[in-house]
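Turn these sequences into a full structure, and let the hints guide you.
Take a look at the letters that make up each chain.
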Amino acid sequence: MIQFILNDQLIQTDAPPGTALLDFIRKDQQLKGAKLVCKEGECGACSVMVGKLEKGTVFYQSMTSCITPLVNAHGKHIVSIEGFNMEELTPVQQAMVDSYGTQCGFCTPGFVVSLSGYLLSNKTLTKEGIIAAIDGNICRCTGYKSIERAAGLVLEKVKKDLPVVDIEGLVKSKFIPAYFMDISSRLKDLEQATPQNGNAIRLGGGTDLYVQKPVEMYESDHVAVYDNSAMNQIEIADGFCSFGAAVTMGDLYRSELFNQALPDSDYIFKLLSSTQIRNMATIGGNLVNASPIGDFTILLLALDSEITLEKNGNGRSVSLKEFYKGYKKMDMQEGEVLTKIKFKIPGAKNHFHFEKVSQRKYFDIASVNLAGNLTIEEDKITTAHMAVGGVGPVPMYLQKTCSFLEGKKLAEDTIDSAIEVLNNEITPISDARGSADYKRLLARQLFIAQFLEVNPGLFNLKKLIGQ
Amino acid sequence: MTSNPTKKKNKKSFNIDAPLHVSGKTQYLDDMPELAGTLFAKACYAKVAHGYIKDIDTTAALALPGVVKIISHFDIPGENEIGGIIQDEPLLAEVEVHFIGMPILIVLAKDEITAHKAVDLIQVDIQEKEIITDPIVAFEKNELLSQPLHFQSGNTADAFEKCKYVYEGKAESGGQEHVYLEPQGAYAIPNGDGSLKIYSSTQGPTAVQRTVAKVLGVSMNQVEVDVNRIGGGFGGKEDQASAWASIVAVGSYLTKKPVKYILERGEDLQMTGKRHPYKNTYKIGLDAEYKIQAFEADFYQNGGAATDLSPAVLQRTLFHATNSYFVPNVNTHAYSCRTNLPPNTAFRGFGGPQGMFVMETAIHHAARALGVSPTVIQEKNLLFEGAEFCYGQIAKECEAQNTWKEAARKYDLARMQKEVDDYNLKNSYSKKGLAIMPICFGISFTNTQMNNARALVHVYQDGSVGISTGAVEMGQGVSSKMIQVAALCFGIDTEQVKLETTNTTRVANTSPTAASATADLNGKALQDACDQIQKRFYELARQTWSLSEDAAIQLTQNSIVAGDNKMSWNEIVSLAFQKRINLSAKGHYSTPIIHFDTKTSKGHPFAYHVYGTAITTCTVDCIRGNYEFDAVKIVHDFGSSMNRAVDLGQIEGGLAQGIGWMTMEELIYNEKGQLKSGNLANYKIPDIYSVPKEVEIHYLDTKGADLAILKSKAVGEPPLMYGIGAYFSIFNAILAFNPKAKLPYEAPMTVEKVLMGLYQ
Ligand SMILES: Cc1cc2nc3c(=O)[nH]c(=O)nc-3n(C[C@H](O)[C@H](O)[C@H](O)COP(=O)(O)OP(=O)(O)OC[C@H]3O[C@@H](n4cnc5c(N)ncnc54)[C@H](O)[C@@H]3O)c2cc1C
Ligand code: FES
Ligand code: FES
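For the protein sequence lines, the chains are A and B, in the order given. So the first sequence is numbered by the working numbering: it starts at 37 and just counts up by one. So the second sequence is numbered by the working numbering: it starts at 299 and just counts up by one.
If you're looking for bench data, these hints aren't it; they were derived computationally from the structure. What you are looking at is a predicted structure, and each value in this text was computed from that prediction instead of being measured. Among the clues, some could well be false.
What the hints assert, rightly or not - Covered by chain A, per the in silico footprint, the following chain B stretches (three or more residues, Cβ under 8 Å):
id : stretch
1  : 320 to 332
2  : 404 to 416
3  : 911 to 924
4  : 955 to 964
5  : 983 to 989
6  : 1041 to 1054
We put the beta carbon where it would ideally sit given N, CA and C, even for glycine.
Written out as structure tokens, the structure reads:
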């Protein structure tokens, strides 16, 4: 049986654990505020807040309920728009009204949930932060400007009324209803172990599975790893960073330790899907989905990561470079679980950088993405690990290009020649994300961008880019 | 004497729906409680774009527990026909299929998942025929959906002879998916006597009613259509909501059960039509002073597999082919081409944007060739008071030059351009671009007959007021505006007024909510109804207070007042009720003056025009090929806006949609007619980071047109066309990096085209 708290109600249900959370909320619970628009995680109209007990307090994150498996709600506090409603409009709702942030209204509950949720999940609030909190919410009517103004009003109100942004303060200033005060103790009373439902499919956040096969997932036989505590840790030891496969992109974004391992990586996370999706998307899911344009896959390839696969208690390590064998084919046996990912933390002489270009700059899948980790010692490229996505059947580690670069002088003609090697190594095809010619050109550009980051003054770029 | 509401000052901003929207309490179609026994419909559609249906096997689907019925065209009780303008669109395919997404069968099942599985189990064997996706190919094969259109003024052949500069070229604009967030859908409930009530997410309740009646073979009075509101339409639910309503109606008619169908997003994207893609050629001629003397263009519209609204869209393309400019000699031809894509349909702007894009391209082309800024040519040719459009109407209250001048002054255009130029001198791998987009958009349905509306007003005995019109609320704020009109006419608070659902039994024979004209038409009908009741109250007051015929009486501040005599609104209502005075009225309005002769393509088709000017600046990353919009600064002619905040929202929203159309929204069909961008993962619309960092909008306060409701000009469609400036601003930034860029004039300007342009 799955148990969780939906708004202020305890839910105990025998509904199939693979049910999409949105269907459960709208159909079983007849709460119609969250909207069904895309069932792809692409619009945020179905957004809910998901609160999880962490060290005695509840930590809230936004998610798109249309592709959230019901089982991942187990033991948590789920807040839909109805869970924020009180007698009077909340300051967030009032701000949306006052700034005319709603037109047809279909996207609006999602925006209100994301904005309210931002207050719940952050201690320090900023203009950039509150906008980022709605980066996964799409509105077709307003053009967003009025919603930006609403966000501004919310921040003003918080600054005025709330010296400390916490649950108690939010309840006192009527941002959220009083029942939020009891949630942490109520969650403690819930059974924590996630009920399992067979063994056929390993289910992480579901952001790939529910988009690819929504109907099958409803009745699926699966083992849920999202809340597996053994796969939720992030560690640093002996110059390596390692983390469990169920760690999400959002977890890494927020993690102090990961930030130590890869400083200044905020720009990378901003390029990865949306806040809601990052909160659901596990790294294990990203790697095993084996998409040729998986962002974290490319990033981890360039970090020359090693992964651990386990079956019946036995584990083995595989270099990520060796893992991909063909389109969606991996060195993975039936029943194996990806448990851990590990990479060497780049040192002072390393230059790590990530590039991504997509049709829409943010909240989109890459046309081409590229990551590089170069060791540069006295003008020399001593080691090179680079990976590029979207230009072949697998997320591609640039074996040949890297070997070519290693030991060479960091100079213009090296890059010139390396581009030739790169061109022979990649095999882009035309599809919805661009023509083969475009992807080839883009891969070259991102390759150049990588070196521009290392040293913008190093080459005569005019020549390099054919001017 | 009747009062004139326009004289009253309180044209206040408000949005009646907002408090419910922000609480998630607004009820849309899919939020209605379902009746017990409701069946769920789902269409099995063609997976081949053109071909003969050889065989259909439904055995496995019928064997699935929970499947109740599978309906084919044989089961349709009336006509298998849903075409609006021309009867060429079957509801369910019979012998042939004409596009991927064309419905063939309808599955009815006990729940949605079962319906989904059943559709997947149906085998349809189709023998493929030749597939056409390109309008030019269709044109060459004489596959036209309707008669070609032709507009002409002056004599272009003679004029070109005299022109100093003549340029010819090609321009192409892509389609656009509406992405109304609420998907298409309908819910039919049988009444027991054979009649049906249909809840539909439509902009055109009457179109749905008429179509359903035809498909069922019943009279219109057997079909009641009700719309509470819709979660976005943008034209996509003007004509194309009828199919889903017909499907549930047939299902309900045959099973005597309630039947519901809400399209999944993927179905909606595959099965419904979009903004028409166009391919065009142009020829522009200028004299030594850069005055445009002649313009010719041929427009090839990709109409899709059935006519839908294509001829009307095509006509508006010609109306707007010279945008905001005066051109003395014009000769344009337009063709609606039949292809094997879903029938394309109305989309905010209705063909106007596609026309304007070609004109702006021609000017840009000429400017490049002449080595001047396009703004020079644009400014020299702006429309002026009294100028004649190529279709014979004379420009009145023409604000083309005023909005341009005001924009240049207020936003310091010279400084803006200098900032762009300075930036470009300093930065090698990042370039800025600036473009100006003036707009001129005609308000009215171009089909004169459609410019009429009705409204029903009840004043209840307790003083509260209920109003019904033919307008459908879809986010454009028409509900708020209707409530304002009634409150202003009666001099009461807006809280006293309730707007009812749009329902064909209360207000019949309506035109769809479209053409930006809904508030004008319905508002004026509503005014007519309110005026009738007002007159009865004045007469009653006159009798009660023994006033003379010409005594000044007013309904204001919740009272009726004549000199020292005063009664509260509730008192006069109550008195009228006691005296058995009719407290209800039905209003009617049809736009005067307008007319258009389709044979000569001349007349006065528009009640008035809306003008504006937008300045767009962007920054292009010349390494990666992506871009951001720094600012869009607009001066817009609102007339005398009755609800500024709502109108502002229309500008900001329309602009974002226009930018989306011109930049990232790319419909990709392969040669088999298959939509490759058939989900929101692949079809991208603007997110919060894609819209301009700064949007500034200045109201050019003008007198307003008399034919606009309360002199507040229509605002729904015009701002979309400001988005065309986004295309040219990027183009200009690319030219700053690579002056020789051989970029074709093809919208949308995707990041792919930008990068290819930068490095050609
Ligand atoms: C709207 C949207 C935007 C997106 N944007 C991006 C983006 O910008 N960049 C990007 O890279 N991706 C993006 N994705 C894709 C997706 O979010 C990621 O691939 C994500 O990391 C998948 O993780 P998950 O936990 O949700 O995977 P799931 O869907 O749960 O699983 C994916 C696959 O991995 C398997 N799996 C999961 N965990 C394990 C495990 N521990 N061991 C073995 N097998 C396992 C599953 O069986 C399944 O085959 C986006 C997805 C959506 C819906
Ligand atoms: S419905 Fe679009 S993200 Fe869930
Ligand atoms: S208000 Fe209509 S989609 Fe946002």
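Taking 8 Å as the C-beta cutoff, is the stated coverage of the stretch 911 to 924 of chain B by chain A satisfied by three or more residues? It holds, with 4 qualifying residues against the three required.
When I compare C-beta atoms, does the stretch 320 to 332 of chain B have three or more residues closer than 8 Å to chain A? holds (count 10)
Outcome, coverage hint (the stretch 955 to 964 of chain B, chain A; C-beta under 8 Å; three residues): holds (count 3)
Stated coverage of the stretch 404 to 416 of chain B by chain A [criterion: 3+ residues, CB within 8 Å]: This one holds; 3 residues, not fewer than the three required, reach chain A with a Cβ under 8 Å.
Assertion that chain A covers the stretch 983 to 989 of chain B - criterion: three or more residues, beta-carbon distance below 8 Å: Check passed, 7 qualifying residues.
Outcome, coverage of the stretch 1041 to 1054 of chain B by chain A - at least 3 residues whose beta-carbon is closer than 8 Å to one in that chain: holds (count 5)
Checked against the numbered hints given earlier, this structure breaks none of them.
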